[in-house]
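Q: Construct the entire structure; sequences and hints are all you get.
Chains A and B are the protein sequences, given in the same order. Taking this note's numbering, I'd label the letters of the first sequence as residues 1 to 309. Taking this note's numbering, I'd label the letters of the second sequence as residues 310 to 618.
Just so you know, the hints here were simulated from the structure itself, not pulled from any lab data.
Dumping the calculated SDA-like pairs for lysine to any residue here, alpha-carbon to alpha-carbon at most 20 Å:
| id | chain 1 | residue 1 | chain 2 | residue 2 |
| --- | --- | --- | --- | --- |
| 1 | A | Lys-110 | A | Arg-10 |
| 2 | A | Lys-277 | A | Thr-260 |
| 3 | B | Lys-509 | A | Glu-2 |
| 4 | A | Lys-200 | B | Pro-332 |
| 5 | B | Lys-509 | A | Gly-24 |
| 6 | A | Lys-200 | B | Glu-313 |
| 7 | A | Lys-200 | B | Gly-333 |
| 8 | B | Lys-544 | B | Asp-603 |
| 9 | B | Lys-476 | B | Ala-539 |
| 10 | A | Lys-235 | A | Ala-160 |
| 11 | A | Lys-200 | B | Met-310 |
| 12 | A | Lys-200 | B | Glu-311 |
| 13 | B | Lys-509 | A | His-7 |
| 14 | B | Lys-509 | A | Glu-4 |
| 15 | B | Lys-509 | A | Phe-5 |
| 16 | B | Lys-509 | B | Ile-531 |
| 17 | A | Lys-200 | A | Thr-279 |
| 18 | B | Lys-509 | A | Met-1 |
| 19 | A | Lys-200 | B | Leu-315 |
| 20 | A | Lys-200 | B | His-316 |
| 21 | B | Lys-509 | A | Leu-6 |
| 22 | B | Lys-509 | A | Ser-3 |
| 23 | A | Lys-200 | B | Ser-312 |
| 24 | A | Lys-200 | B | Phe-314 |
| 25 | B | Lys-586 | B | Gln-528 |
| 26 | B | Lys-509 | A | Pro-23 |
A quick note: this is a predicted structure, and the numbers were derived from the prediction, not measured.
Chain by chain, the residues run as shown.
Protein chains: 2
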Amino acid sequence: MESEFLHWLRPRLSSHPQLRLGPGDDAAVLRLADRADVVITTDLISDGTDFHYPGCCPRRIGHKALAINLSDLAAMAATPLAVVVTLLLPRIGALGLAQELYLGMIPLAKRFGICIAGGDVNTWDGALAISVTAIGQTTSRDILRRDQARPGDAIIVTGAFGGSILKRHLDVEPRCREALYLNEHYQLHAGLDCSDGLAKDLWRLCQASSVGVILHQQQIPIHDDAQQLAQQTGKTAHEHALGDGEDFELILAVPQDTATRLISEQPLINQLGVPVKLTQIGECIATPEFWIEDESGKLTLQPPLGYEH
Amino acid sequence: MESEFLHWLRPRLSSHPQLRLGPGDDAAVLRLADRADVVITTDLISDGTDFHYPGCCPRRIGHKALAINLSDLAAMAATPLAVVVTLLLPRIGALGLAQELYLGMIPLAKRFGICIAGGDVNTWDGALAISVTAIGQTTSRDILRRDQARPGDAIIVTGAFGGSILKRHLDVEPRCREALYLNEHYQLHAGLDCSDGLAKDLWRLCQASSVGVILHQQQIPIHDDAQQLAQQTGKTAHEHALGDGEDFELILAVPQDTATRLISEQPLINQLGVPVKLTQIGECIATPEFWIEDESGKLTLQPPLGYEH
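A: Below, the structure is given as structure tokens:
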């Protein structure tokens with residue numbers, strides 16, 4: 001089915017001014033911007049772990065496979081450029097499924113101005129898995145690493161957390177533009193995207209930077225979905241906001257004066273014209289410990305929470 | 310198991326002068342050579358299609374997953390630079406299997422001077438699959454495409470063909486150095502690597518270039534494995550050489566005078582000091598047809614052979 005699929009796919013792929021050679025040869029060739037470096041990341045999603053197929057729409061699965069990789073480029077404040085896509089498809093209905101997956105990816109690729117530069121299509125007796133590798137390029141502000149947070153830095157997050165599993169975990173909206181805008185206009189020390197849960201990913205940033213953190217529980221922006229999920233699970237909405245995964249929001253460590261400006265200026269508006277709220281949820285400390293401050297001001301030393309692959 | 314695996318892996322990975330940021334952040338960062346472009350390719354292998362696990366050594370599976378991607382960079386005459394590796398592992402024994410796969414990849418990466426820049430490790434209830442994305446860079450001679458063969462060009466191949474399934478299909482030796490050497494020192498018009506069978510891949514080169522070909526059956530270098538396999542299958546060794554896949558030799562279209570020089574000079578020696586024979590097996594023609602000339606000089610119009618994914 002590969003040749004039939006490629007025949008269907010090629011006219012649907014956009015050209016790109018930096019794509020010198022697209023699908024059809026042994027490899028694709030991309031030209032970077034002047035003085036840019038290659039930023040590369042890869043992430044796979046599979047049936048049973050990241051989605052259930054059949055049971056959810058393959059276009060949304062395709063969207064997610066691409067979006068989570070763009071989210072990793074956002075976490076680096078890299079400009080997205082291209083992706084290559086590898087499909088591992090159940091034999092029965094493979095062609096139609098491949099088409100639906102791409103119909104979920106193509107609009108997202110267009111919106112983010114990237115090209116689908118190549119890929120690989122495979123069928124087998126197993127279940128569905130999709131592996132995407134995303135290529136970005138550095139900007140003149142260079143990359144945003146996760147290991148440069150300093151004691152005294154404020155922790156800032158985009159959006160709200162928790163309960164993504166209820167309905168939005170497939171509809172990831174990568175924070176590429178937001179990260180690029182913030183990195184260009186403000187002094188950011190460190191950052192990552194939150195995929196495995198706020199507490200766990202924040203702790204990763206701290207560990208990489210050899211700092212600790214005090215997290216103000218009352219300041220964590222709770223997603224409506226976390227409130228709703230809490231009514232079903234018996235856990236609190238705060239627990240969901242801290243422990244659930246797949247929010248794909250940015251977690252940033254910035255100097256406190258930058259944080260004050262960010263919170264007051266609220267400069268982010270997403271592609272759809274909707275404001276993306278920035279919230280300060282904590283501060284970095286010199287001791288490598290994870291503290292949570294509750295509503296009464298009581299500090300509790302926390303073990304990291306979240307999801308282990 | 311991901312964090313345990315990464316703890317095991319990191320000290321085993323080599324640094325690389327062009328790897329600015331390796332595994333551990335949301336993405337890796339690579340610096341290209343001056344005026345180089347990014348060459349990117351991806352290829353997945355899966356249990357049941359490309360290997361049988363258990364049943365063959367996971368180090369050889371890891372080697373193959375990496376080698377076939379390097380072979381695609383060879384096909385572009387690109388300098389290999391880095392790979393990212395995505396593992397999809399059966400849950401039981403995942404850690405040990407991941408380690409063995411990497412122990413197959415690391416020596417090959419070292420031999421070819423590339424870095425393993427990042428990756429993704431996943432477990433699931435399904436079977437084993439490995440997806441690799443390889444990044445190369447263009448040289449001052451630029452890339453070798455498959456669509457630039459011209460009528461009158463000679464078809465040159467490296468090595469010998471057929472019967473790889475007998476024992477060597479996992480032990481792929483990518484022709485990176487050979488392709489780079491030939492592209493630097495000779496005028497090559499077009500090329501690709503032979504993964505799906507000599508006839509099928511040669512026909513792909515012809516179709517991409519809008520040419521046809523006359524293939525001289527008696528000149529096709531037959532691998533010993535093809536002879537041996539023919540004794541078991543009842544097919545001829547020539548049929549195996551033409552139709553079997555996974556030889557991962559180069560198929561090149563070059564001007565006839567270059568071909569004459571190549572055949573006489575035989576400039577290729579592989580990493581182990583063993584000569585890699587170049588053989589002329591045919592010529593491109595203007596009409597888009599695939600002809601085979603047998604030992605008696607009789608020409609037969611051929612449908613393309615080979616393996617459909």
